[in-house]
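**Q** Protein chains in written order, with the working numbering: chain Y, 1 to 264; chain S, 265 to 528; chain E, 529 to 792.
Rather than coming from a laboratory, the hints here were simulated on the basis of the structure. These numbers come from a predicted model, not from an experiment. Certain hints may be false.
[Said to hold, decoys possible] Which chain S residues face chain E? A few, computed with CB under 10 angstroms, are given here:
1) D275
2) D280
3) Y282
4) V289
5) I293
6) P337
7) G361
8) E368
9) K369
10) G371
11) V372
12) R395
13) S420
14) W421
15) I431
The beta-carbon is built from N, C-alpha and C at its ideal position, and this holds for glycine as well.
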Amino acid sequence: MKRRIITFLTDFGRKDHYVASMKGVILGINPACTLVDISHEVRPHDIREGALTLANAYSYFPKGTIHLAVVDPGVGSSRKPVLFMTKDYFFLGPDNGVLSLAAEKDGVKKAIVLSNRNFFRPSVSSTFHGRDIFAPVAGYLSTGIKPESLGRIVRSWVKFDFGKPWIVKGDLVGEIFHIDAFGNMVTNVSQQDLNRFAKKRAIVISIGKREIRGLKKSYWEARKRELLALIGSGEFLEISVREGDAQKVLKCRRSDRVRIRLQN
Amino acid sequence: MKRRIITFLTDFGRKDHYVASMKGVILGINPACTLVDISHEVRPHDIREGALTLANAYSYFPKGTIHLAVVDPGVGSSRKPVLFMTKDYFFLGPDNGVLSLAAEKDGVKKAIVLSNRNFFRPSVSSTFHGRDIFAPVAGYLSTGIKPESLGRIVRSWVKFDFGKPWIVKGDLVGEIFHIDAFGNMVTNVSQQDLNRFAKKRAIVISIGKREIRGLKKSYWEARKRELLALIGSGEFLEISVREGDAQKVLKCRRSDRVRIRLQN
Amino acid sequence: MKRRIITFLTDFGRKDHYVASMKGVILGINPACTLVDISHEVRPHDIREGALTLANAYSYFPKGTIHLAVVDPGVGSSRKPVLFMTKDYFFLGPDNGVLSLAAEKDGVKKAIVLSNRNFFRPSVSSTFHGRDIFAPVAGYLSTGIKPESLGRIVRSWVKFDFGKPWIVKGDLVGEIFHIDAFGNMVTNVSQQDLNRFAKKRAIVISIGKREIRGLKKSYWEARKRELLALIGSGEFLEISVREGDAQKVLKCRRSDRVRIRLQN
């Protein structure tokens with residue numbers, strides 16, 4: 001048996017038996033694979049949060065890793081189960097956008113709609129494709145079967161509307177898409193977006209009633225409890241408080257706006 | 265060393281060092297085993313929730329898996345540590361009912377009370393048998409020792425009172441025993457219970473002040489935000505809201521009643 | 529490749545991609561290592577809670593285990609990344625005290641400040657040394673490189689102020705440093721501290737307005753719902769309620785005082 005890594009990203013939480021059932025199915029097919037959780041605490045049915053978490057994590061895994069992502073509000077509907085083969089990875093899950101951000105970032109080589117029921121569990125429930133379709137397919141894929149035997153190649157798939165920042169009266173406007181365990185607020189403004197907008201000129205970032213001048217390179221350039229902005233480890237603009245909790249300080253929420261203007 | 269799977273189900277939570285200590289003890293005995301968490305978020309001391317979660321998950325793992333379940337309010341009392349050898353699995357934990365639902369479902373071949381201290385840690389605390397008794401026994405069991413060497417065979421064990429649905433004035437009455445991360449409400453009414461009661465006739469399900477006519481096959485047969493009933497992936501009757509949270513809609517809690525009557 | 533165990537202790541939570549990114553980096557260097565989570569739910573930036581959790585867990589793992597602990601409020605500052613080689617283990621993380629309690633308990637043989645960038649990721653962010661420094665160093669260490677090649681040996685490191693109990697008017701005064709998932713309140717008074725203070729004489733423990741006479745050997749010596757004190761599995765004095773939640777009963781918090789006096 002090949003030793004392959006399979007990662008898991010779901011909105012199933014950790015209290016229920018759902019994740020373990022998927023792992024059991026996979027280990028029954030390939031007991032030698034290594035299972036790694038990315039997160040099971042995506043907000044229920046929040047495809048966007050799932051897509052962004054996967055996009056932040058996937059590239060740190062070795063080539064050939066199978067990334068399994070099941071945030072699947074449409075389970076049982078006509079949405080398709082899909083496999084993306086990209087430059088370095090496999091991405092497996094519902095064709096609803098949860099995979100496409102990461103898969104397109106890595107470069108899609110082939111997309112296959114899973115239709116060969118020989119690789120599903122004998123009885124497929126209509127509410128839990130994670131266990132009955134995606135887990136067994138991941139298991140078989142990890143044993144080295146030909147991906148093309150899983151179904152038919154398709155040329156199009158569901159793109160995810162990522163919500164790129166936009167320009168309003170000459171300013172760059174983005175939003176907070178994620179707040180982490182430290183209260184750091186991650187925006188949808190990437191390093192690239194900022195470079196293109198500011199072209200190395202000085203910037204001022206507004207959030208709520210507060211303004212932040214320029215970017216720091218690390219938390220440590222700020223004073224204790226100071227509000228700061230920096231490019232986080234995922235290469236997005238982040239609003240933080242040194243040794244503190246930016247969310248509590250700013251009383252912000254996901255989807256709140258952040259506005260960037262050139263300094264006069 | 266044999267490569268065996270050991271699963272974990274506890275009420276220890278994930279913040280403390282308890283689960284890791286158990287895993288360390290096992291890996292010290294058999295570094296080649298594969299460790300899989302089922303859940304550590306069973307409500308503290310809730311044997312019933314533990315038993316049901318284990319019963320929902322165990323059968324998806326390959327034959328020979330060792331299922332270790334420690335929900336153990338009686339630790340340090342006269343309750344016995346026990347091993348069930350069933351048709352396909354090993355179940356290990358306190359003899360308080362947390363194992364017996366799953367073990368009996370799979371078919372108990374032998375029950376052994378763990379009494380051979382050679383397979384315990386040298387010093388056994390009175391508050392943490394998970395680490396000092398169950399983990400080392402699981403470790404040794406995974407290396408292939410004879411289960412009979414662990415203690416003495418017994419003919420009886422603690423049954424768990426599962427709380428089967430009952431008949432009131434011709435209706436079938438069950439209760440909600442679990443609410444999952446999506447707000448789906450799982451009842452103790454199994455597919456079998458329903459078949460036996462309804463014999464394919466149409467049914468009406470009452471919960472709180474709401475009524476649901478018939479069962480859907482999937483969430484997707486309902487309209488968006490519609491309340492529905494279906495047989496969930498664990499083969500129990502479940503009350504759900506399509507793309508919504510049934511618990512919030514119904515403001516129900518665990519142990520609330522659900523009543524099923526034949527349609528006139 | 530050597531099969532080595534690497535444990536993780538962080539304050540990153542489990543919702544974000546941070547922990548998975550670290551694991552991906554390690555598996556890219558050594559796909560054969562076994563990864564075990566101790567906890568990712570240390571309170572953000574709480575070095576003391578991290579240090580105590582690590583000190584409670586580390587010794588249950590087999591010799592040669594690499595313990596990776598990243599509670600790192602000073603990331604990006606001048607605090608040093610460090611490796612302790614102890615009697616039986618490796619401890620890897622920031623030199624801020626999170627490692628030193630456990631490392632000194634096991635006996636430090638060598639301390640090495642990590643300075644050889646060949647063992648870091650090519651680009652080191654200033655906010656996430658867990659992924660860019662500690663994970664790759666753990667990975668390389670698990671493949672069997674010489675620890676001395678990682679940097680330079682140092683003779684001193686940051687000690688952590690553990691907050692030992694003290695004597696007030698002849699009484700021993702400690703505090704609650706941790707409350708576990710069951711509501712058990714763990715104090716900083718060790719079995720040794722108690723022995724030295726009481727010399728086998730009878731004691732009375734005061735907490736809030738309540739008094740507890742003597743220690744029990746297990747929860748089970750108390751009556752149901754009785755408040756009791758015992759030496760917990762980590763060898764510290766613990767205040768508990770049999771089959772109940774001591775925190776809810778006493779309405780105590782972390783850092784609350786506990787006072788021990790000799791019985792008249």
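**Q** When the structure is checked against the list of hints, which entries are broken? Sort them ascending.
**A** 7, 8, 9, 10, 11, 13, 14, 15
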